[in-house]
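Chemist: These protein sequences, in sequence, are chains A and B.
Going by the numbering used here, the first sequence runs without a break in its numbering and finishes at 404.
Going by the numbering used here, the second sequence runs without a break in its numbering and finishes at 514.
No lab work stands behind these hints: they were computed from the structure.
The beta-carbon is built from N, C-alpha and C at its ideal position, and this holds for glycine as well.
Heads up, a few of these hints could be off.
Said to hold, decoys possible - Incomplete in silico selection of chain A near chain B, CB under 8 Å:
(1) 60
(2) 120
(3) 264
(4) 267
(5) 268
(6) 271
(7) 402
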Amino acid sequence: MATSVTAVGGGVQSSTSLRDREDILAAEWPIYAVVFASASIVIGLVWDISWHRTIGRDTFWSPPHLLQQAGAIIAGLSCGYLALTTTFAGDAEARAKSVRFWRFFHAPLGAWVCVWGTIMMITSAPFDNWWHNAYGLDVEIISPPHIVLASGMIGVELGAMLMALGAQNRARSEKARRRLGTIFAFAAGTIIVMVAIMITEDASFPNDMHSSSFYKATGLIIPVFLVAFARASRLSWPATRIAIVYMLISLVSIWVLQLVPARPMLAPIYNAVTHMVPLPFPILLFAPAMALDVLMRRFGENRDWMLAITMGVAFVAVMLAVHWFWAEFMLTPYARNFFFAADQWDYTNRLGPWQYEFWNLDRDSAGKFSPLGLAQGLAVATAMAAASSRLGLWWGKGMSKVQR
Amino acid sequence: MIRSFGRTLGVALLYLVGAAHVGSPDTWFEGNAGPYRVTVQVVPAGVVPGVAEVFVRVTGEAATGVSVHANKFDATGGAPPPEPATAVAGDPGLYAGKLWIMSGGSNSVTVTVKGAKGTGTAVVPVVVVAYARLGLDKPMAAGLAAMGIFLFVGLVTIMGAAVREGVLAPGEVPGSERQRKSRFAMAITSVVLVALLSGGWRWWNAEETAYVNGMFKPLSASASIREEAAGRVLSLSIVDSAWVHRNDTAWLRQRGSSSWTPLVEDHGKLVHMFAIREDMGAFAHLHPSSSDSVTFPSALPPLPSGKYRVFADIVHESGFTQTLVTGVDVPAAVQSTRLPTATGNGDDAWFAGPVVKGASTFAIDSATMIEWTGVGAKLVAGRPAPLTFEIRNTDGSAATLEPYMGMPGHAVVARKDGAVFVHLHPAGTISMASQMAFVMREPGDTVRGRLGKRISGMEMKGRADAAVVSNTLSFPYAFPKPGEYRVWVQVKRRGQVLTGAFDATVSEVPAEGR
Chain A
1 MATSVTAVGG GVQSSTSLRD REDILAAEWP IYAVVFASAS IVIGLVWDIS
51 WHRTIGRDTF WSPPHLLQQA GAIIAGLSCG YLALTTTFAG DAEARAKSVR
101 FWRFFHAPLG AWVCVWGTIM MITSAPFDNW WHNAYGLDVE IISPPHIVLA
151 SGMIGVELGA MLMALGAQNR ARSEKARRRL GTIFAFAAGT IIVMVAIMIT
201 EDASFPNDMH SSSFYKATGL IIPVFLVAFA RASRLSWPAT RIAIVYMLIS
251 LVSIWVLQLV PARPMLAPIY NAVTHMVPLP FPILLFAPAM ALDVLMRRFG
301 ENRDWMLAIT MGVAFVAVML AVHWFWAEFM LTPYARNFFF AADQWDYTNR
351 LGPWQYEFWN LDRDSAGKFS PLGLAQGLAV ATAMAAASSR LGLWWGKGMS
401 KVQR
Chain B
1 MIRSFGRTLG VALLYLVGAA HVGSPDTWFE GNAGPYRVTV QVVPAGVVPG
51 VAEVFVRVTG EAATGVSVHA NKFDATGGAP PPEPATAVAG DPGLYAGKLW
101 IMSGGSNSVT VTVKGAKGTG TAVVPVVVVA YARLGLDKPM AAGLAAMGIF
151 LFVGLVTIMG AAVREGVLAP GEVPGSERQR KSRFAMAITS VVLVALLSGG
201 WRWWNAEETA YVNGMFKPLS ASASIREEAA GRVLSLSIVD SAWVHRNDTA
251 WLRQRGSSSW TPLVEDHGKL VHMFAIREDM GAFAHLHPSS SDSVTFPSAL
301 PPLPSGKYRV FADIVHESGF TQTLVTGVDV PAAVQSTRLP TATGNGDDAW
351 FAGPVVKGAS TFAIDSATMI EWTGVGAKLV AGRPAPLTFE IRNTDGSAAT
401 LEPYMGMPGH AVVARKDGAV FVHLHPAGTI SMASQMAFVM REPGDTVRGR
451 LGKRISGMEM KGRADAAVVS NTLSFPYAFP KPGEYRVWVQ VKRRGQVLTG
501 AFDATVSEVP AEGR
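Assemble the whole structure, with the sequences as input and the hints as a guide.
Modeler: Set out below in structure tokens:
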């Protein structure tokens, strides 16, 4: 592997700027297309959830659905085109940067993952439609057809990320590597948005944050992605940057959605909302992400088991330290404003004191809050976060080698 | 023509029960929306939440626009904006709209008609429950399976390619070690995917089971006959735990279920009970009294012996209506059975006797005959049935009718196998008490039973004021499915309830006419 890079790199080493341009050109439109597609899908999803919390009534052709469908089509068509041109009209260099599918078709690895994600998303449409006819128009996030759809979306987003990653790992100049690294971090951030949405029902509202189930859900699901992406990244503070991308996408969506006047279109209405109801304020993921970055730097690449255990402890400890008091603040009147967007509920919610209470608290048999129960839950969350981190380190190590 | 479409998306729907009524899920209403006469058909989705179809026929005064909106009896945030219903091309006066109904239970559909005479509204109570089961038809299942296999193989291939070549520098050829690792990765991916798919399959089955368990079942009831000094008594009991424990908050909380609201009187009766012999040869429409909140005894008229299906219509204060279904064996009378006077009820009526198939007239007694004027038309499932009857004296002159429980007449439609049962009025399938529950509800109705009292009072007044102006009765309805039916028509003359019976054969919708 090293030989071939040196051979190719050695030929053009006389001109750094030319090399930069070549690297960047090589990354050009398909990467931008799929990263754009990935962003469309995730923004469409955030918008769609807000649509269901506010307006209720939609069709297959509602604007958030169109945005997601556009994302799928852009990703599928551009990667399909890339596969066809590489297979049938590609030069030796293009083929050299691709992987083979069924021994015949050639395309970069990320493109295949994008195509797979698009087909998965398309497959979910008739399945979801049937599901609605069979069991009712679901208003839940987690249902089998939605998992098929979400897997497709994550496929497209992972494919986009892998395309940026392959180009980053091939890049010969520092400038190109940084630029592709930034694209990679953005694509990774969109996946974290997606993953956070998948656990919205357990881990999103401040009311959840005094319960061990919040730390279990986040500890199980987030480290595997965040750690893997951070390890594959070549930037400094990679997990922190990716977490900030997640927080920025979430925050911008919250602030923009609140500006749009809207009213429920379906009965019964128990909460007469007047503007788009956004998702809750994002999890403060930058804090545990910083801890993960520090640990990854200290441990290096050769003590992954120890690193994973430390990461598990650090992730849950920092999450708890940050969110315990944050949640208390978010339930006060000071958070009920445009910036923090707290206390915003679906049109189907019957308002009541539960809005300002903590939910799913760990309780003893008498029904009282149990610090011991919480501690036990947090221990489980830590084990989950350690296992999730270990898986992430392993996956990230594999991804950091991707060159095609 | 009012049609039922959208039910056949290339899928097999299996109807189990409607909510109110049995096997007859559509709601029909005929009445006034201000100055306009409207006939409304609500075709529910059969699942909750679901999209119901609403058809509105405006007769008499022409309308310039029709809109519909749904609401729940306990909504606190107002109503959503009405959905416009669009004029159906080629059928003047017919409007069609779609309504999303998000919440099960007692909903109302409000129809608003605009025209030269101003704006009028009509409230149609609609009971929304999950009653339909949708099978996965073969082309759909095959298509999904094919896509599933393709995606499975695709992902395994991608994982193999990723390990084999993805990590190699451009141009480098994978060696045997890489090939081996690739095959291993493909095997692991296959195992993981099979595990995920089997988990997904189990999840789907669990969702299916939960859905089936959550499908609407009327409260369970039983019926029995006992001999009393005054005569035989048919006693209906609501034996369902959900009813018996309806005020037991601990019991309800444990099961996460909500409490049934109390019963309210419909046409002045808490229960309208129908006993229909399984061969359709005998029929009774009875009104039990209540000895307590679960037992409803009624004097048993002199019905011939045999196995009877028992249907009991009840209305809750929420506006929810349901038909309880049970059966009873009526033994041969040991002595000449007379109608007991103690629990006797002047509005009870029964009929036993032969019905001439295809006959359009039925002689009730020596003075009165009923003619089914629409009998010549072919009856097709899902299409409006011409259930129009004229009541005449034997000399052919129009008979003078008295209101029967506030109505010009009642009709009961039952399919011979018992799969369809519906109790109709000229106002349709709806219960008047249920409609009143929506119209008369006040924000202060927080005490159970308060609304029910007002409904009873208003109904009593309505019955006292009722007068029958015509000798023609028309019931808006469409037979829900093909088969052999019997229709009993009941009117009141000279203080006596008279029952006529007709047979009807309903055929399948022709394929091109859907």
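Chemist: Indicate, hint by hint, whether the structure satisfies it.
Modeler: Verification of the supplied hints:
The restraint placing residue 60 of chain A at the interface with chain B is violated, with a minimum CB-CB distance near 13 Å, outside the 8 Å limit. Taking 8 Å as the C-beta cut-off, the interface hint given for residue 120 of chain A holds, the closest approach to chain B being about 6 Å. Interface restraint check for residue 264 of chain A: the shortest CB-CB distance to chain B comes to about 6 Å, inside 8 Å, so the restraint holds. Taken as an interface hint, residue 267 of chain A checks out: its beta carbon lies about 4 Å from the nearest beta carbon of chain B, inside 8 Å.
The beta carbon of residue 268 of chain A comes within 3 Å of a beta carbon in chain B, closer than 8 Å, and the hint placing it at the interface holds. Proximity of residue 271 of chain A to chain B holds as hinted, the smallest CB-CB distance being about 6 Å (cut-off 8 Å). For residue 402 of chain A, the interface hint holds, since its Cβ comes within 8 Å of a Cβ in chain B; the closest pair sits about 5 Å apart.
Checked against the numbered hints above, the structure breaks only hint 1 and satisfies the rest.
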